[in-house]
Every structure is written in structure tokens, then in C-alpha cells.
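With chain Y's structure known, arrange chain G on it following the hints.
Top line first, the protein sequences correspond to chains Y and G. The opening position of the first sequence corresponds to residue 389 in the working numbering, with each subsequent residue numbered one higher. The opening position of the second sequence corresponds to residue 389 in the working numbering, with each subsequent residue numbered one higher.
Keep in mind the hints are simulated off the structure, nothing from the lab. Be careful, since some hints might not be right.
From chain Y, some residues computed to sit far from chain G (all C-beta separations above 10 Å) [claimed, not checked]:
1) 500
2) 522
3) 647
Computed beta-carbon distance windows for the label pairs [as the list claims (entries may be wrong)]:
4) 714/Y <-> 705/G: 52 to 62 Å
5) 501/Y <-> 473/G: 25 to 35 Å
6) 557/Y <-> 655/G: 54 to 64 Å
7) 547/Y <-> 470/G: 34 to 44 Å
8) 461/G <-> 578/Y: 17 to 27 Å
9) 429/Y <-> 423/G: 15 to 25 Å
10) 608/Y <-> 420/G: 54 to 64 Å
11) 525/Y <-> 423/G: 25 to 35 Å
12) 399/G <-> 578/Y: 54 to 64 Å
13) 461/G <-> 401/Y: 44 to 54 Å
14) 470/G <-> 503/Y: 14 to 24 Å
Even glycine gets a Cβ: it sits at the ideal position worked out from N, Cα and C.
Number of protein chains: 2
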Amino acid sequence: MTNDPTQTLAPDSLGPTVTVGEILVEIVASKAGAGFREPIEFIGPFPSGAPAIFIDQCARMGGAAAIVGAVGDDDFGVVNTERLKRDGVDISAIAVSSDFPTGSAFVRYRKDGSRDFVYNIAKSAAARLEWTREVEALITRCGHIHVMGTVFASPAAWAITEHAIAVIKARGGTMSLDPNLRKELLTHGQTEEKFAALVDKADLLLPSGEELFLAAGVDTEQPAIKALFNHGVKEIAIKRGKDGSSAYHRSGAHAQCPGFLVDETDPTGAGDCFGGAYVACRRLGMPIERALEFGNAAGARNVTRLGPMEGAGTRAELEDFIARTARRS
Amino acid sequence: MTNDPTQTLAPDSLGPTVTVGEILVEIVASKAGAGFREPIEFIGPFPSGAPAIFIDQCARMGGAAAIVGAVGDDDFGVVNTERLKRDGVDISAIAVSSDFPTGSAFVRYRKDGSRDFVYNIAKSAAARLEWTREVEALITRCGHIHVMGTVFASPAAWAITEHAIAVIKARGGTMSLDPNLRKELLTHGQTEEKFAALVDKADLLLPSGEELFLAAGVDTEQPAIKALFNHGVKEIAIKRGKDGSSAYHRSGAHAQCPGFLVDETDPTGAGDCFGGAYVACRRLGMPIERALEFGNAAGARNVTRLGPMEGAGTRAELEDFIARTARRS
Numbered sequence: 389m390t391n392d393p394t395q396t397l398a399p400d401s402l403g404p405t406v407t408v409g410e411i412l413v414e415i416v417a418s419k420a421g422a423g424f425r426e427p428i429e430f431i432g433p434f435p436s437g438a439p440a441i442f443i444d445q446c447a448r449m450g451g452a453a454a455i456v457g458a459v460g461d462d463d464f465g466v467v468n469t470e471r472l473k474r475d476g477v478d479i480s481a482i483a484v485s486s487d488f489p490t491g492s493a494f495v496r497y498r499k500d501g502s503r504d505f506v507y508n509i510a511k512s513a514a515a516r517l518e519w520t521r522e523v524e525a526l527i528t529r530c531g532h533i534h535v536m537g538t539v540f541a542s543p544a545a546w547a548i549t550e551h552a553i554a555v556i557k558a559r560g561g562t563m564s565l566d567p568n569l570r571k572e573l574l575t576h577g578q579t580e581e582k583f584a585a586l587v588d589k590a591d592l593l594l595p596s597g598e599e600l601f602l603a604a605g606v607d608t609e610q611p612a613i614k615a616l617f618n619h620g621v622k623e624i625a626i627k628r629g630k631d632g633s634s635a636y637h638r639s640g641a642h643a644q645c646p647g648f649l650v651d652e653t654d655p656t657g658a659g660d661c662f663g664g665a666y667v668a669c670r671r672l673g674m675p676i677e678r679a680l681e682f683g684n685a686a687g688a689r690n691v692t693r694l695g696p697m698e699g700a701g702t703r704a705e706l707e708d709f710i711a712r713t714a715r716r717s
Numbered sequence: 389m390t391n392d393p394t395q396t397l398a399p400d401s402l403g404p405t406v407t408v409g410e411i412l413v414e415i416v417a418s419k420a421g422a423g424f425r426e427p428i429e430f431i432g433p434f435p436s437g438a439p440a441i442f443i444d445q446c447a448r449m450g451g452a453a454a455i456v457g458a459v460g461d462d463d464f465g466v467v468n469t470e471r472l473k474r475d476g477v478d479i480s481a482i483a484v485s486s487d488f489p490t491g492s493a494f495v496r497y498r499k500d501g502s503r504d505f506v507y508n509i510a511k512s513a514a515a516r517l518e519w520t521r522e523v524e525a526l527i528t529r530c531g532h533i534h535v536m537g538t539v540f541a542s543p544a545a546w547a548i549t550e551h552a553i554a555v556i557k558a559r560g561g562t563m564s565l566d567p568n569l570r571k572e573l574l575t576h577g578q579t580e581e582k583f584a585a586l587v588d589k590a591d592l593l594l595p596s597g598e599e600l601f602l603a604a605g606v607d608t609e610q611p612a613i614k615a616l617f618n619h620g621v622k623e624i625a626i627k628r629g630k631d632g633s634s635a636y637h638r639s640g641a642h643a644q645c646p647g648f649l650v651d652e653t654d655p656t657g658a659g660d661c662f663g664g665a666y667v668a669c670r671r672l673g674m675p676i677e678r679a680l681e682f683g684n685a686a687g688a689r690n691v692t693r694l695g696p697m698e699g700a701g702t703r704a705e706l707e708d709f710i711a712r713t714a715r716r717s
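Chain Y extracted, bound-state conformation (with noise of 0.2 Å):
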């Protein structure tokens, strides 16, 4: 164990991160059972989106935080931009439609845990993203992107992103990747190659799961670290879920986070807050075990409340986690 030995990111005095994609509201069904045939109870609408639960968790965390993303002139859009602007994210590049409808998705829990999904994003707000002055504006002005997989979804997502790669690696800034994809989605010729590239730019990685072994093409741990930082990775931040969280530099240092022991009520959100606090961490300066420890609150944390970023924390709130949870041995 070391202090983190290099900055990997940009620190946040070059401007805020940014994520570019889907804002969505989440409306939960409030029992467990399978899909959405009959009349049944739901709560919502909460405040959701991979890019939008990262985001507002970097906020909360302290770190100088932006999107890129498109909303309905409905209440549903007034429910995620209150939020993450209550947060501290900067929204001048969320756009208002005024043709489609903010984003949603119904989901549901099974008892088993998986859960159905009755989505609306391919027709929404969510999926009308363009490079407006307001998107110049911001993206001129950022010193970190962080890409979620799901930008493979949306292509004007994906054409904005790959711009905004370019306009601040130029200018010195970094880039952060969530791969946030399965196999199956991958098997598409072109999203492998897309993939690929991204990893190629990536100073930090962010897998959970299998992602780790997709990204790298090699399917045991150490090696496809190994390959990945042979890629230009500089930083690799693991996460394991209930089984807490590793980072690996290229430098040699590393560090290990068990879990924290809590009793979870709504899983969705826990990797993008755990990244939200991570790139958040990093970019202000804290060594990676710093990092890696907060990452690791502020997904647990999220897990224990209903809605997919209510659980976000203040630096303050994760701190407060930090000192009264237990942690798996």
C-alpha cells in the first residue's frame, strides 16, 4: 500500500467532469413479481440515468461536475434538473424538448432479483442529444469526460461524446470509461471496435464484473490488468459489489476496499455512485485508497434507499458512513 504515486486525471481546477447521456425518471414498483401486465403499485418519479446518477454523485462528493443531456418540457424533466442542479452539476447543456417526453423506465424487481424494465428512451428527450452552442460552451471549458457504456445505445450520444473525447484530451483533460455493457451487447461488430478505441483512450477504467476481462480480451484478472495498462490505462478501478472494490495503477500501486455490510433496498445506482465518488476523489487529489474507500460508501450507501440516486452522500454524509458501518472481513 502507497499513496497514490501519480495524478492519473486532470485535478479539478481544469474544469468541471463531465458525462454525456441519458436522464431519465424511474418509477418502481413497490412489491416484488414479474413485469407489468396488471394494475400494481409503483413509487416514482425518481431522478435516474447511468451518466445522470454518476454525475450527481461526483457533485455531492465536492468534485466540479457537468452533463450533456436532453429532457422533455414536462414535469418528469423538472424532477431531474432540479436535482442534479440542487447538487451542484452544472445543466446549461441539458437541453428542454419540446417535441418528446423526458425518458423513462418502469422497472420491477422478480423475487430472484433480477428485475423487468418497461423502458421509454430510444423515443425520448434522452436519445435527441445535438452539439449546440450551449454543449460547445461547456465542453470547451471541462478538464475530465467520463463515458458510460450505454452511450453505445444512443448515437447522437455517441457523436457528441466522441467530440467532446477529442476537445479536452486536447486540452489537456482525461478520460474515464464505465464499460456498463454485457457480452451480448458486444457481439455487434461495430460496438466492439468502438469499445476498443475508448478503452485505448481511457486513463481510468471502471469494470464490474466480466467487463474487466471484455475490455482487455483475456479472461483471468492480473493478466488483463496487465494487458489494459499495455493498452495506455493508466488506472483500474474494480468494482465487486457486495465483495467491495480493488484499484490497480500502472505505477504498481494498489489498493483493496471490503464491503460495507448494509441491508439493500434498491441496488440500482450503486456502481455509477461508486464511480461518481471515485473520479470525484481522484480528480481533487486524494490517493487511491482514499478514493476506493469513498467509491465503496457511496455505493453502498445508495443501495440502502429506495430510487436510484437518493442515496447519493455529501462528502460529509459518506464520511459519516465511513465511520459507523461495519465492513465484511
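Below, chain G without anything else, positioned relative to chain Y:
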């Protein structure tokens, strides 16, 4: 009071009653309040959409019934198609869109009885109707078309409706019109012209509130009725909500029906259910007075259940309701 002296509408034996338009799910807030800007409790999805409610009640009453519409390839679509099919509606001309989601409406009642909505209709499957082979096959065997004023909101539904009216009238069928309109909507010149042309083609008109006056261009009841008869309308059934209903035939026959005394749980769909039952009864050969009683009963029974078409009744259920429910004096 007389028996019905003329058969205004084509008999059921000529072919089903068809309607064209939006099929939606409705998600209803459990408690009264304003808007959707924080998480609240909902119940849903309920099958909905004014044309769908109308046609479901028409079928439950025993009338031959069909609908032209579209849903998404999701559970919310299945909620609608399964319900309509179960209740005897011909669903052969309901398209299933692989691109667009099923239309939806979130509804919240305010304490004063007014309602807030978040809709997704314009960018849903509900707005993507096409004149398919299935629509062609259906329309050419229909005996009556019921037009909902909501059709003006959808260019695609309007185009199909216009053509369907011509086809059905050419084979000896008839047309009914539920204006379902507000004055503000009529101020768009084109809609006003379209509406006037529809009124001229209507055999039966089913107005509520000020719609009678909008249709006639005359603002007192008896002169408005006379003006409409002069325009070719044969029969007018006026919906008066809690105060019941009245019907006038141009032969001079007329009937009144007092309102049923019920505890209102959810007013949505009452007028549509009235129309579905009334049209079915008239096409089944019942006199105006009896049709009016069934129409009133269908509307009144429907408001006792949560969900826009949950209270639609079969003939036996409505007969039972009529026998057991007190009326306003």
C-alpha cells in the same frame, strides 16, 4: 316518451362498430395533489385511451366492436390488447410497433378535482397509425364508425378516420361523433372546418358540456338541437354527468334519464363508457330510452372503480346496476 320510431344507426348485423385512435396506459397517483415533481405513489398500468374505453364498453354491452390503433412491443401494449380481446373487441387492426413505446398518461387529481398530466402520446405508437392490410380488411366489413374528437390531435388517425367514414358510409353504415373537444382547440381554423364537416356527416352526436353549442354554432339547447337536425344529424344524446342525460331524435322522439347516485372514485372514462353503451344499444335495436339508461348506467358504474375502463360493465352487470342503484330525483 315513445319507443324509438326510427333506426338511426346501421344494425349490428351489418358489421362491427369501429373506432380509430389512441390506446394508452394510465398510471394514476394514489393521493390528490399537484404535479409530478417528487416521488409519489401510483397505481397502474390501467388500459386507457378514449377510443379504447369507448370500444371496450361497446363490446361488453354486447355490440360487435373493433378498433384501429397501435401499441408498443412492451407489457403496456399487452395490458391493452389482452383487455380488449378478453372483452370481445376485434383487435386484428391493432398494430404493434417495434420502434415506439405504448402511449402513456400519468394522471394526478388535485384536491379541487382538476387534473395534472404527463403524457407520452405524440411520440408513442399511438400516433403512428397506418392504413395497413389489416385496417383495410377490417374497415370494409364494419357497419358503423364512432369518431372521438381526440382524433384531431393525430394527423395519422385523422387520415384513417376520414377514409374509413367514406368506406363505411358507402356500404350503408353510419357514423357517430363524440366531440370530446374544448373551445380552445377549435380556434385553430383547420380544426374548426374539419369539425364542422364531421358534424354534417354524423348520424348520431354525443356532446357534453358546451360541445352541443360548439357543434351547432348556437348557444341555447333547443335551437342548437334544431340547427343540428337541419345539418343532417338524426339523433343527439346529451351527456350531463351527474345530472344524467337526454336524447333527441329528429322524428320528435326524446327521452330523459336522471343520474345514478354513486360514490365517485375516478371520473375518467365516464363519457366514453356512456357512448360505448349507447351506440351498442342503439345498433342492437333498443329504443332511445333504454339506450339512454344503459349509457347512464355504464358511465356511472365506471366512475366507481379506479382506472379509466375498470368499471365498464357487461349487459348483465349494467342491468344489475340499474336495478340496485338509486337515481337523482
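Checked hints:
no. : hint                        : result
1   : 500                         : holds (18 Å)
2   : 522                         : holds (23 Å)
3   : 647                         : holds (27 Å)
4   : 714/Y <-> 705/G: 52 to 62 Å : holds (58 Å)
5   : 501/Y <-> 473/G: 25 to 35 Å : holds (33 Å)
6   : 557/Y <-> 655/G: 54 to 64 Å : holds (58 Å)
7   : 547/Y <-> 470/G: 34 to 44 Å : holds (40 Å)
8   : 461/G <-> 578/Y: 17 to 27 Å : holds (24 Å)
9   : 429/Y <-> 423/G: 15 to 25 Å : holds (20 Å)
10  : 608/Y <-> 420/G: 54 to 64 Å : holds (58 Å)
11  : 525/Y <-> 423/G: 25 to 35 Å : holds (31 Å)
12  : 399/G <-> 578/Y: 54 to 64 Å : holds (59 Å)
13  : 461/G <-> 401/Y: 44 to 54 Å : holds (49 Å)
14  : 470/G <-> 503/Y: 14 to 24 Å : holds (22 Å)
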